[in-house]
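S.K.: Chains as they are written, first to last, in our numbering: chain A, 1 to 485; chain B, 1 to 228.
Bear in mind the hints are in silico, worked out from the structure with no lab data behind them. If you're wondering where the values come from, they're calculated on a predicted model, not measured in any experiment. For every residue, glycine included, the Cβ atom is placed at its ideal position computed from N, Cα and C. Please note that a few of the clues may not be correct.
Claimed, not checked - Listed next, with one range per pair, are the computed distances between beta-carbon atoms:
1) A182(B) x Q241(A): 49 to 57 Å
2) I16(B) x R399(A): 38 to 46 Å
3) L343(A) x I16(B): 49 to 57 Å
4) G62(B) x V305(A): 47 to 55 Å
5) P422(A) x G62(B): 26 to 34 Å
6) L255(A) x T218(B): 53 to 61 Å
7) P422(A) x T218(B): 45 to 53 Å
8) L343(A) x T218(B): 53 to 61 Å
9) L255(A) x G62(B): 55 to 63 Å
Unchecked claim - Stretches of chain A that chain B covers, calculated by requiring three or more beta carbons in the stretch to come under 8 Å of a beta carbon on chain B:
10) 272-283
11) 293-307
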Amino acid sequence: MARAAAGRRRTLRAMADRARPLLLRTQRPSTATGLAVAVAAVVAATALVYPLKTIAPEVSLGVVYLPAVLLVSAYWGLGLGLLTSLLSAAAFNFFHIPPVGHFTIAAGRNWVALGAFFIVAAVTSTVAELARARALEAESRRREADLAANLARSLLAGTSTSEALGTTARRVAEVLHLPSAAIELGAVPGDRRRLALALRDPQRDQIATLLVPSDADHQVRERLRTQIVPALEALIAVALQRDRMQVEAVETEALRRSDDVKTALLRAVSHDLRTPLTGIVAAGHALGAHSVTDRERDELSATVVTEGQRLSSLVDKLLDLSRLQAGRAEPRRQWTSLEDVLLAAREAVAPGSGRIVLTVDPDLPAVLADAAQLERAFANLLENARRYSSGLPVSVHARASGSGVVVRVADRGPGIPAAEQPRIFEPFYRGSADGQRPWTGSGLGLAIAKGFVEANGARLTVESLPGQGTSFVVTFPEPDAEVTA
Amino acid sequence: MSEASKPKVLVCDDEIQILRALRVILRDTGFQSVPADSGEEALDLAAVEAPQAAIIDLVLPGIDGVEVCRRLREWSQMPIIVLSAIGEEDAKVRALAAGADDYVTKPFGPRELVARLEAVLRRVRDDPDDAVIHSDGLDIDLAARVVRRDGAEVHLTPTEFDLLGHLARNRGRLMTHRTLLAEVWGPQYGDDTQVLRAHIANLRRKIEPAEGPRYIKTDPGVGYRFAG
Numbered sequence: 001m002a003r004a005a006a007g008r009r010r011t012l013r014a015m016a017d018r019a020r021p022l023l024l025r026t027q028r029p030s031t032a033t034g035l036a037v038a039v040a041a042v043v044a045a046t047a048l049v050y051p052l053k054t055i056a057p058e059v060s061l062g063v064v065y066l067p068a069v070l071l072v073s074a075y076w077g078l079g080l081g082l083l084t085s086l087l088s089a090a091a092f093n094f095f096h097i098p099p100v101g102h103f104t105i106a107a108g109r110n111w112v113a114l115g116a117f118f119i120v121a122a123v124t125s126t127v128a129e130l131a132r133a134r135a136l137e138a139e140s141r142r143r144e145a146d147l148a149a150n151l152a153r154s155l156l157a158g159t160s161t162s163e164a165l166g167t168t169a170r171r172v173a174e175v176l177h178l179p180s181a182a183i184e185l186g187a188v189p190g191d192r193r194r195l196a197l198a199l200r201d202p203q204r205d206q207i208a209t210l211l212v213p214s215d216a217d218h219q220v221r222e223r224l225r226t227q228i229v230p231a232l233e234a235l236i237a238v239a240l241q242r243d244r245m246q247v248e249a250v251e252t253e254a255l256r257r258s259d260d261v262k263t264a265l266l267r268a269v270s271h272d273l274r275t276p277l278t279g280i281v282a283a284g285h286a287l288g289a290h291s292v293t294d295r296e297r298d299e300l301s302a303t304v305v306t307e308g309q310r311l312s313s314l315v316d317k318l319l320d321l322s323r324l325q326a327g328r329a330e331p332r333r334q335w336t337s338l339e340d341v342l343l344a345a346r347e348a349v350a351p352g353s354g355r356i357v358l359t360v361d362p363d364l365p366a367v368l369a370d371a372a373q374l375e376r377a378f379a380n381l382l383e384n385a386r387r388y389s390s391g392l393p394v395s396v397h398a399r400a401s402g403s404g405v406v407v408r409v410a411d412r413g414p415g416i417p418a419a420e421q422p423r424i425f426e427p428f429y430r431g432s433a434d435g436q437r438p439w440t441g442s443g444l445g446l447a448i449a450k451g452f453v454e455a456n457g458a459r460l461t462v463e464s465l466p467g468q469g470t471s472f473v474v475t476f477p478e479p480d481a482e483v484t485a
Numbered sequence: 001m002s003e004a005s006k007p008k009v010l011v012c013d014d015e016i017q018i019l020r021a022l023r024v025i026l027r028d029t030g031f032q033s034v035p036a037d038s039g040e041e042a043l044d045l046a047a048v049e050a051p052q053a054a055i056i057d058l059v060l061p062g063i064d065g066v067e068v069c070r071r072l073r074e075w076s077q078m079p080i081i082v083l084s085a086i087g088e089e090d091a092k093v094r095a096l097a098a099g100a101d102d103y104v105t106k107p108f109g110p111r112e113l114v115a116r117l118e119a120v121l122r123r124v125r126d127d128p129d130d131a132v133i134h135s136d137g138l139d140i141d142l143a144a145r146v147v148r149r150d151g152a153e154v155h156l157t158p159t160e161f162d163l164l165g166h167l168a169r170n171r172g173r174l175m176t177h178r179t180l181l182a183e184v185w186g187p188q189y190g191d192d193t194q195v196l197r198a199h200i201a202n203l204r205r206k207i208e209p210a211e212g213p214r215y216i217k218t219d220p221g222v223g224y225r226f227a228g
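Throw the hints in and build the complete structure from the sequences for me.
M.R.: Okay, structure coming up:
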């Protein structure tokens, strides 16, 4: 039963919303119209009584005036309703109660009719007034809900709360017909022109401030206090909470990524350190064997040396990388000849080898950089290029560009697919081409090269077309440009 | 012993240094190594040279060590030892499932490698028709289902005997938990390592000396091997 009644109420409300009856319009029709309607209705009722007198005694025809009283009371309220009652009583008395053409107040029944009209007017106008007040209230609630929904949309739609505050403030200004409004995070003091309203979270800490023109009238202030501020408080608290959660999600992602790096580091240590170690341990045992020949002894001791160097190089790289990642690779920059750096890097990577063809333009300007760090950077680039050059020579070309320098390290390897290019500078990233022969490199070289190049104010970029080789380009800016940059 | 009569061992590793060192170590311990630097070459040489055993690195260019094990097992029962590193546990278990007998962790000591090699070769030398397995004071009569330690009969439950018999028939071979459970209890017990652990503990109480396991060795997290 109760549910059925509630359902009915909902249905009724829905119908009322679709087509609000004239009676419940919040704006009352004008008083002048009311007067005109009152007079017209009384005249019409008076006229209607004449034909009816033939079928009923005139005394009982006072009810014909009731619709006029009802109509006017309902639409124009008690005042006009009472006036219509008076008019009706007077007209009935004058035109229809004998003696016709005179007011005869003496008869008690006339007073009864007038009293009845008065009571109808009072009851009708009160009921109508109540209904109108309810409609008004419902309307204002609806607007409040609309406003809250609108504010929620603008505040929560954006990616961050601070960006959405401007839109939200504009919406508040529109709704209240204010020339301007602003919302700022935190506590902001008001001034002569602006009134500051504190917005607090459920713990009553101020989270933001709503600023409106200080000349806003009382009604606007009341609406701000009762509707806007509570809605904004709830919404901004939620929005800020969402911001915090987004930040946490980003931090969690960063942690996860750093975990990935650690896992990769462990794997690199597990395999890349163990492979040369295995070679050294096995060679050491083999050297102790009784049957070892002189040639084998030479081979085995060479193994111990080269594998030891391989280990040492890997340890150097791990140290370089951890220095770079900890931000402790402070360059000692001085004017440095790139030719010297490139020659040293080639010597470190491929001693006495013609596999790396070095071309340096004669008028190459010096660069302001840490020579040792640049050598590490280029040694890593050369080692990487040589590894992927499929046995073909690697070309290194250094040329002046304005007063800056561009060094291009080009291999003739398989190239790097475009999709992989952004990732190749990540530590431990190994290209998919490495799948053919896993674990050849440490996956650290390019990360180290980029780290040292950037620490010295230069840029390292990659240009590659699959099938046509890869170029790593180190660009040293013009010294002045870099200072201003 | 002349070079030709030494047992041949196929060694597959992509690091030339490992091949060189193992050549010397294996020759010094009475084997003859057949080196291969890729999985494909190993498969070819296994057919051509007919080695008695194989040592295979898990990480290889081209087809990897697990795949080499699987393909060798298609036609050969030769013992296979895989070389693996910590951090390659998955590959290790996959290699055992693919038919490898045992593994050695890098960097390995040659003595350990050679001991494992000899253990798995002993399994091959065991006459499959010989119903009694003798191992360092322990006699296991598979037909009569009797176990004697230093001549005295040890009473085992049927499950304990099945477990011991299974390990002993595969002497030297690392038997994974899953394999033992499936073979002794049935395939539906494949993950119930708790049951396996309990029976191994009981078995050890009955046959092993007090100072520590001599016959059944544990490979933590992987399985057990009969080492006698």
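S.K.: Next step is simple, just say for each hint if it's right about the structure.
M.R.: Hints and how they fare:
1. Between A182(B) and Q241(A), the C-beta spacing of about 53 Å keeps the proposed range 49 to 57 Å intact.
2. A C-beta distance of roughly 40 Å is found between I16(B) and R399(A), which places it inside the suggested range of 38 to 46 Å.
3. Separated by about 30 Å at the C-beta atoms, L343(A) and I16(B) break the suggested range of 49 to 57 Å.
4. Between G62(B) and V305(A) the Cβ separation comes to about 29 Å, which falls outside the hinted range of 47 to 55 Å.
5. Hint check: P422(A) to G62(B), Cβ distance near 29 Å, so the stated range 26 to 34 Å holds.
6. Judged by the Cβ atoms, the range 53 to 61 Å given for L255(A) and T218(B) is violated: they are separated by roughly 36 Å.
7. Between P422(A) and T218(B) the CB atoms are about 47 Å apart, so this pair conforms to the stated range of 45 to 53 Å.
8. A C-beta distance of roughly 57 Å is found between L343(A) and T218(B), which places it inside the suggested range of 53 to 61 Å.
9. For the pair L255(A) and G62(B), the supplied restraint of 55 to 63 Å is violated, since their beta-carbon distance comes to about 37 Å.
10. Restraint check on the segment 272-283 of chain A versus chain B: 9 residues with Cβ-Cβ distances below 8 Å, three needed, restraint holds.
11. With a threshold of 8 Å between beta carbons, the proposed coverage of the segment 293-307 of chain A by chain B holds, since 6 of its residues qualify and at least three are required.
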